[in-house]
Each structure stands twice: as C-alpha cells, then as structure tokens.
Amino acid sequence: MRVLVCVKRVPAPGARIVLSEDARSIDTSLLSFAVSPHEECAVEEGVRIAEATTGSVTVLTLGPPEAEEQLRSALAVGAHEAVLIPTEGEDWDPISTASAIADAIAGLESSDGGFDLVLFGNESADSGGYQVGIRVAHTLGRPVVAGIKGIDASDDEVELRRDTTTGSEVYRLPLPAVVTVKEGINLPRYPTLKGRLNAKKVEVKRVIEARAGSGQTMVRLKTPAQEVSETTILEDASAVVDLLEELQVVGR
Amino acid sequence: MILVLVTHDGSAVEETVFQALTFARDLASGLDTDLHAAWVGETPDVERLGLYGIASLHHISHGDLDDYAPQAWGEALSQLVTGLSPEAVVAIGSDRGNEVMAHVGAILGEPMVANVREVTPGDGAWEITRTRWGGSLLEETTLEAGVKLMTLTEHAIEAAAAATPIEASMVPFSPDLDDADLVAKVVDRVTTSGGITLATAPVVVSGGRGVGSPEGFEPLEDLAALLGGVVGCSRVVTNNGWRPHSDQVGQTGTVVAPDLYIACGISGAIQHWVGMMASKTILAINTDAEAPMVTKADYAVLGDLKDVVPAIVAEIEKRRGGD
Numbered sequence: 001m002r003v004l005v006c007v008k009r010v011p012a013p014g015a016r017i018v019l020s021e022d023a024r025s026i027d028t029s030l031l032s033f034a035v036s037p038h039e040e041c042a043v044e045e046g047v048r049i050a051e052a053t054t055g056s057v058t059v060l061t062l063g064p065p066e067a068e069e070q071l072r073s074a075l076a077v078g079a080h081e082a083v084l085i086p087t088e089g090e091d092w093d094p095i096s097t098a099s100a101i102a103d104a105i106a107g108l109e110s111s112d113g114g115f116d117l118v119l120f121g122n123e124s125a126d127s128g129g130y131q132v133g134i135r136v137a138h139t140l141g142r143p144v145v146a147g148i149k150g151i152d153a154s155d156d157e158v159e160l161r162r163d164t165t166t167g168s169e170v171y172r173l174p175l176p177a178v179v180t181v182k183e184g185i186n187l188p189r190y191p192t193l194k195g196r197l198n199a200k201k202v203e204v205k206r207v208i209e210a211r212a213g214s215g216q217t218m219v220r221l222k223t224p225a226q227e228v229s230e231t232t233i234l235e236d237a238s239a240v241v242d243l244l245e246e247l248q249v250v251g252r
Numbered sequence: 001m002i003l004v005l006v007t008h009d010g011s012a013v014e015e016t017v018f019q020a021l022t023f024a025r026d027l028a029s030g031l032d033t034d035l036h037a038a039w040v041g042e043t044p045d046v047e048r049l050g051l052y053g054i055a056s057l058h059h060i061s062h063g064d065l066d067d068y069a070p071q072a073w074g075e076a077l078s079q080l081v082t083g084l085s086p087e088a089v090v091a092i093g094s095d096r097g098n099e100v101m102a103h104v105g106a107i108l109g110e111p112m113v114a115n116v117r118e119v120t121p122g123d124g125a126w127e128i129t130r131t132r133w134g135g136s137l138l139e140e141t142t143l144e145a146g147v148k149l150m151t152l153t154e155h156a157i158e159a160a161a162a163a164t165p166i167e168a169s170m171v172p173f174s175p176d177l178d179d180a181d182l183v184a185k186v187v188d189r190v191t192t193s194g195g196i197t198l199a200t201a202p203v204v205v206s207g208g209r210g211v212g213s214p215e216g217f218e219p220l221e222d223l224a225a226l227l228g229g230v231v232g233c234s235r236v237v238t239n240n241g242w243r244p245h246s247d248q249v250g251q252t253g254t255v256v257a258p259d260l261y262i263a264c265g266i267s268g269a270i271q272h273w274v275g276m277m278a279s280k281t282i283l284a285i286n287t288d289a290e291a292p293m294v295t296k297a298d299y300a301v302l303g304d305l306k307d308v309v310p311a312i313v314a315e316i317e318k319r320r321g322g323d
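Top to bottom, those sequences are chains A and B.
If you read the first sequence in my numbering, its first letter stands for residue 1, the second for the next number, and so on.
If you read the second sequence in my numbering, its first letter stands for residue 1, the second for the next number, and so on.
Treat the hints with caution; some may be incorrect.
Taking beta-carbon pairs under 8 Å as the criterion, some of the chain B residues facing chain A (in silico) [claimed, not checked]:
(1) Pro70
(2) Asn115
(3) Leu138
(4) Arg189
(5) Arg209
(6) Leu227
(7) Glu315
(8) Ile316
Just so you know, these hints were derived from the structure itself, not from any lab.
Here a beta-carbon is modelled for each residue, glycine too, at the ideal position from N, C-alpha and C.
Chain A extracted, bound-state conformation:
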C-alpha cells in the first residue's frame, strides 16, 4: 500500500512561546521544533501499514526550508520518501495550505502512481484549523473521516475507529481515502541510529506551489490575559475534605 503522510513543523509541545516584535509570528530563535503530535502518530501509523503490506510511505510538509528537519525525523522512523513544499516561513491560511497540498499530491500521483491512503493529523498543534485534510479530500474527490484513533487496513478498504464520549464509532472507507488521526492511535517509535543514518541519504524532493490566499487573514498574535490566582494552601486532609464538603462534591 502506498501511504502519504502530511506533517507540520511546530514548536515542540510545552515550549515557552514568545511573540516576535511585530506579533505576527513567534520568536523561533530559542525554540526547538517537532512534528505536530497528532501527525507524529500519523507517521507511525503510515509506517506500520506500509510494513504490514510491504508498501511505502512518503512524508510531505508545507513549511519553511528548515522543515526538512521534520521530514528527516519521519524518514528516520521508517518513511521512504520526503517532499517539501517550501514557504518563506509565514503560516499559510487553511485554504492556501490545502490547495497547495492537493496540487502537490496530484503532481506526485501523475508521475509516480496514486496513494492508497493519505494521512493527516486531526489538527496542527499551533494554528489548529481542523480542516486541511478535509479540504484536500474534497479537492481530490476522496472520502475522509477526521479524528481517527484506530485503522485496520486491508487491500481495498480501511476500517476506522473514532472515540466518542461514551465509546467509539466505526467507519469503513473504500480506498483511496483520506484519514486524519489523533494522538493515542499508537505510541510512536523512537528513531534508531540506523534509521537516522538512512534518513540522511534520502533526497528531499521540492515542489513549488503558489499561495492561493483566502478571505481569512491573520492580523496578529497575542497572549491571553494571565489569570491571577491567589492559591489557598490547605494544610492537611481534613482541610481538603472541608473544602470538598463546601463544594458539595462529597456527601456525608
């Protein structure tokens, strides 16, 4: 099975975010970067499916030239090929991002054959638009389900599981299909030394796409007002249970 996984370079989760002077981006000089968490799991899932079906995984990103680091980290855990759609660093709006990715996929497929499965993360950790995978699926005319936490792939279909508040829902999509996944679908492996060495040898393909633009324009970023909290220190278990009783969460 030929799998394509789309990833995004984002500051590592938990990093302290400092805004740039014009407040249109974040100060990246002191940050470390990673593949967005849901997409890290998408890469792992793609690699597992490719391993089970003697297939291949191509990893694709739209981002600054430095995003090649994230493509290499995907190659190090088992992806075979990598494609970069370079930008000048600024985050693109969801319509522009989806349009560029869909065009790039169409181009890759016309030269190298179709992808049976295209995987995305449910949403990127930073901009969180919840839509790029779905827009790409519409452009490609393929079925899509978002937020998936279990994939069983067979030759011509995928069975998908999505968590709900009370259990899970099951979907069955014929291939080719698009699926967006969530963290928890698997526990991603760590790269091996051999994997890292192999990753260095792969040539990253560059595909230039134009920024389409849309009616959604980012003006500036800001940090939310910090809630000032006076923390009341409780000295012992008795004080805690007094509080629980006051809050009426425990009956006597």
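With chain A fixed as given, assemble chain B onto it according to the hints.
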C-alpha cells in the same frame, strides 16, 4: 440570520452546543437579526433549543441520514445555507462541529475559522479572535466571506438561556444527497462506558508524572469514586503507557471543565493547563510549591500525593462512618 448547527450524538445534544447558541444569540442581537438552528437526523429536542432563543429550527432529514455521516452532514448543511443565505453559521468547536464545518467550508469554497472566542462584525471584514495552541495563544484574524463559517471554542463562554424564550417553529428541509456523500458513515457503534465520562464528569481526579506507575493510580481511583468523578491524567502518563490515551486531559487529549479538578503530581505544562483551565475550582496536590499548577490553582496541598490522596480518602470515609 445567524444559523447554529446543533451537533448531537444520536439523540442527545452535545452539551457545549448551548454555549454556541448563547454566543450566536448575542451575535444575532448585535446585528439585529434572527437566530436560527439546524438539526440533522431524527428527533430534534426543539423545546430545550427554544429556551436559547431560536426563532426557527431547520430540521434536515433524509432516509440515509439515520446515523452520523460527516460529508453528508456537511453537504446537507451547505444546501440549507445556500437557500437561507445566513450572515454566519456557527457550530461548537467539538470534534463533530469542527469536522462538519470543515466540510461546509470545502463544499462552499469559503474560509472556516475554527475555535473562535470573540467576533466583531463589520460592514466588510469581521474581526475575530481565535484560539491557537489549544488556548495558550490567541490570534486576531479578519474574515471576508460570502457566509462567515466558524466554530466556537468549547468552554470559552458559559451557556445561558434567553431572557425571553421564543416558541421555535420547525421547518423541514430535505437535502439532495448522492452516494459519494454517504461513503463515510458510521457503520457500527461500540459503547464502552455508561454514565459519567471524562468530558462530562463533575469531578476529575487527575494524575501526572508524580504518580509514578500504573498502580499509583489506585488511590486516585478510590478518591474519584468517592466524589462521583473519574480519573484523568497528563500527557506524560499516556506516553509512558500508564493509562489509556482516552484518559488524557489536555490539548492533544480531552478538554474538560468540571466543577472540581484535582491535579495530583501534575506540574502544569501549558498543553495540560489549556485542557482543564475552564474548571470551576482547581485543587493541586504537589511537592513543588513553585510548580505552575500550584501557583495557578485555587487551592493546593504541598505534599506527596502518595500520602495526601490516601489521607483524603481515609478522612472522607471516617466522616461518613461517623454519621
């Protein structure tokens, strides 16, 4: 007209939809226009929705919409929107709300702004403040579109019924769907938990790195059971395989807003904090007085959770036994 998509799981409305209705009602009243709602599938709860001030409920029904089908919902809603020409369509920023609205955006070729917190309508572009990084950063954005599509960040505002409830009229709508719209559809459903869930529990007893092991969660389970709550955890716990991912609270897990959140041995990294910051009361149990969770909490016990949690359990049992 402002149109709200009412997302539901079979028959029960997603509880946070009432936040979207409240938000959209304020938006509609600012624009001096009506608030309408759309329901896909059978058995709409028109009476409860009416309490939130909707003038009309558009009931989208179709023989093949007996269970959730994301693209078909998006297609049906797009057809309704094309007919009604509302100024904006608002859904709640739940999994389902974001998914359906993304389909609507793709079908109509319009932008869809996910996880909005504030909207200032204008003659041309609307000014919008939306959530980034799960809530640790905000983005001001402008939106110019034929119809403004957006979802509201869950728990950004509290739901409030309308001051004067209106008796909503029901308006049936039959969409034209083809086979391609119905390829992605729920074909089976597995119910694993009855009763309270992490997303809706009134009390969440959550553990982090400080819990130390899967077994270390037992006292937290005991405390949660006594408080009618459930156990949650931080990302490090699921990454270590101590708890299933479905227990994770935070940006990449479940966003919760219980009456009481008890954070045991959780330092309070930002990706966890944004998943529980809407909790009404936060109690931290931690050995580190400088941990962000302790400094941001309403209450804190400075001590080892391995001593403190069993002591709280014992104290509750002692007081109960004393009656």
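### Message
Given Glu315(B) as an interface hint, is its Cβ closer than 8 Å to any Cβ of chain A?
### Response
Holds, about 4 Å.
### Hinted contact Asn115(B) with chain A - closest CB pair below 8 Å
holds (6 Å)
### Task
Closer than 8 Å between Cβ atoms is the bar; does Leu138(B) clear it against chain A? Give me holds or violated.
holds (5 Å)
### Query
For the hint on Ile316(B), does the least C-beta distance to chain A fall short of 8 Å?
Holds: closest Cβ of chain A sits about 6 Å from Ile316(B), inside 8 Å.
### Query
Would the stated hint for Pro70(B) survive a check requiring a Cβ distance to chain A of less than 8 Å?
holds (6 Å)
#### Entry: Restraint outcome when Arg189(B) is required to lie within 8 Å of chain A by C-beta distance
This hint holds: Arg189(B) lies near chain A, its Cβ roughly 6 Å from the closest one there, short of 8 Å.
### Task
Grab the minimum C-beta distance from Arg209(B) to chain A and call the hint holds if it beats 8 Å, violated otherwise.
violated (12 Å)
### Task
Hold the hint about Leu227(B) up to the distance rule: shortest CB distance to chain A must be less than 8 Å.
It holds, given that the least Cβ distance between Leu227(B) and chain A is near 5 Å, below 8 Å.
The earlier numbered hint that this structure contradicts is number 5, and it is the only one.
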